[in-house]
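Chemist: Chain residues, written in single-letter form:
There are 2 protein chains.
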Amino acid sequence: MAIKEGDFIRLKYTGKVQETGDIFDTTSEEVAEEAGLVTENKTFGPIPIAVGVGHVLKGLDKGLVGMEVGEAKSIEVPPEEGFGVRDPKLTQLIPMSEFKKQNIRPQKGMNITLEGHNGKIRSISGGRVTVDFNHEFAGKTLVYDVEVEKIIEDDTEKVYGIIELQYPNPNIKPEDHEVKMEDGKVMIYLNEMAKFDNQITYAKFRIARDIWDNMGIDRVEFVDVFEKKVNTEEEKEEETEAEE
Amino acid sequence: MAIKEGDFIRLKYTGKVQETGDIFDTTSEEVAEEAGLVTENKTFGPIPIAVGVGHVLKGLDKGLVGMEVGEAKSIEVPPEEGFGVRDPKLTQLIPMSEFKKQNIRPQKGMNITLEGHNGKIRSISGGRVTVDFNHEFAGKTLVYDVEVEKIIEDDTEKVYGIIELQYPNPNIKPEDHEVKMEDGKVMIYLNEMAKFDNQITYAKFRIARDIWDNMGIDRVEFVDVFEKKVNTEEEKEEETEAEE
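Line order of the protein sequences matches chains A and B. Counted from 1, the first sequence has number 230 at position 230 by full-length UniProt numbering; the numbering is strictly sequential. Counted from 1, the second sequence has number 183 at position 183 by full-length UniProt numbering; the numbering is strictly sequential.
It should be emphasised that the hints constitute simulated quantities derived from the structure, not laboratory data. A quick note: this is a predicted structure, and the numbers were derived from the prediction, not measured. Misleading hints may appear alongside valid ones.
For chains that are exact copies, the list does not tell them apart, and a pair is met inside one copy or across any two.
Claimed, not checked - Calculated cross-link-like contacts (lysine to any residue; reagent style SDA-like; alpha-carbon spacing at most 25 Å):
no.: 1; residue 1: 180; residue 2: 219
no.: 2; residue 1: 195; residue 2: 168
no.: 3; residue 1: 228; residue 2: 205
no.: 4; residue 1: 204; residue 2: 179
Please put together the full structure from these sequences, using the hints given.
Modeler: Next up, the structure:
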């Protein structure tokens, strides 16, 4: 069965810059380690996405339509369907004196942050430093080697997928949450650890919106359960009684 | 029916220092205004409490037992059942030079904060300032004029009372929350505005604990509902169709 827009799938991918072959993102831990990418605090494995809704780059979304489960292919993503074309205005000449003030010795290829924007030093000449504030992959054609692991048909599994995508947390496994489908609504019992996460309010919004938009379910309930812990001494007494 | 420990009641009170007759706390807005107490961001009206569980001072808790609905009386609260006895070690002599450093000209009766502790200047003599860090009402006998407005019998009403007590919020009326009792559990749908309140996680703990301890219900569920808003343009179209 060919994949169409709106389908939920699990996807393996490795993204490379076409020009250089440099790997910049992958769902495979082995590939990430070989390529020298940072693997700490990152979760690997096929990611759950809805096709055609913007969970991935536009060019990747388009390339997935029509694929079959188990199929592997390479999808070429041109800049305008990737990280955008290069904007010449984002390349600026900055006097060397600015760097001296901040005690930085500029070098070609150095990554710097200026007023909150990330840039890369392209060249240095005549007391002037050329800094490029375009996205690292702006203007680049990318190649994604993808493989569709499965189409997710079950609604509960779709919800688990959305939680995994919108609230990735290396300390909580997806199955540590609980999902119930009932009378046209979704009830989500997030794991205890999520209670103390400052990000959780916004994650709830993202999860709810993804369910509304991609599953046609209009009501999402997040339930925080507070259950009285049984007193340890009472437990001990019960054990003693049981032994008698 | 006389009030006993564990009963939920609505209580009107005005607390005074016996010695001076100064009013320091009251549930009545008129009394508060006459006494010159700060009334901004404060909610007035009879407060919901469980008797004998520490929602109010110990001496007040004891005095309420045995009262009847509608009854009014004055309860005398000795220091040891109020804000504690005075600790002489909490009165300290501080050199005048310390105040000069901070550009403060000490005066008798002035309230000051030193290293996070609130104190009051008792006397000044010979370059030394006597500061009292005891609680303002330590060592004082208090008199509470109380009136029991009602005994709360209904479980749902008890839960509303606990929310009001443990999560007072001048911007949300208690009836803006929703409470459901179901199969030995309590389900609480807090108002939308509570979602963005940083204090809400700890308020949930306090509410749950109060329900466990005083209502004998072991499971409390807080439900956050995210419901898709109907698109305004679709609404307009529907209206137009209906007119045709």
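Chemist: Give a verdict on every hint.
Modeler: So, going through the hints one by one against the coordinates:
{"no.": "1", "hint": "180 with 219", "result": "both (12 Å within a copy, 18 Å between copies)"}
{"no.": "2", "hint": "195 with 168", "result": "both (15 Å within a copy, 21 Å between copies)"}
{"no.": "3", "hint": "228 with 205", "result": "between (28 Å within a copy, 11 Å between copies)"}
{"no.": "4", "hint": "204 with 179", "result": "both (14 Å within a copy, 22 Å between copies)"}
Every hint, counting from the list given before, is met by this structure.
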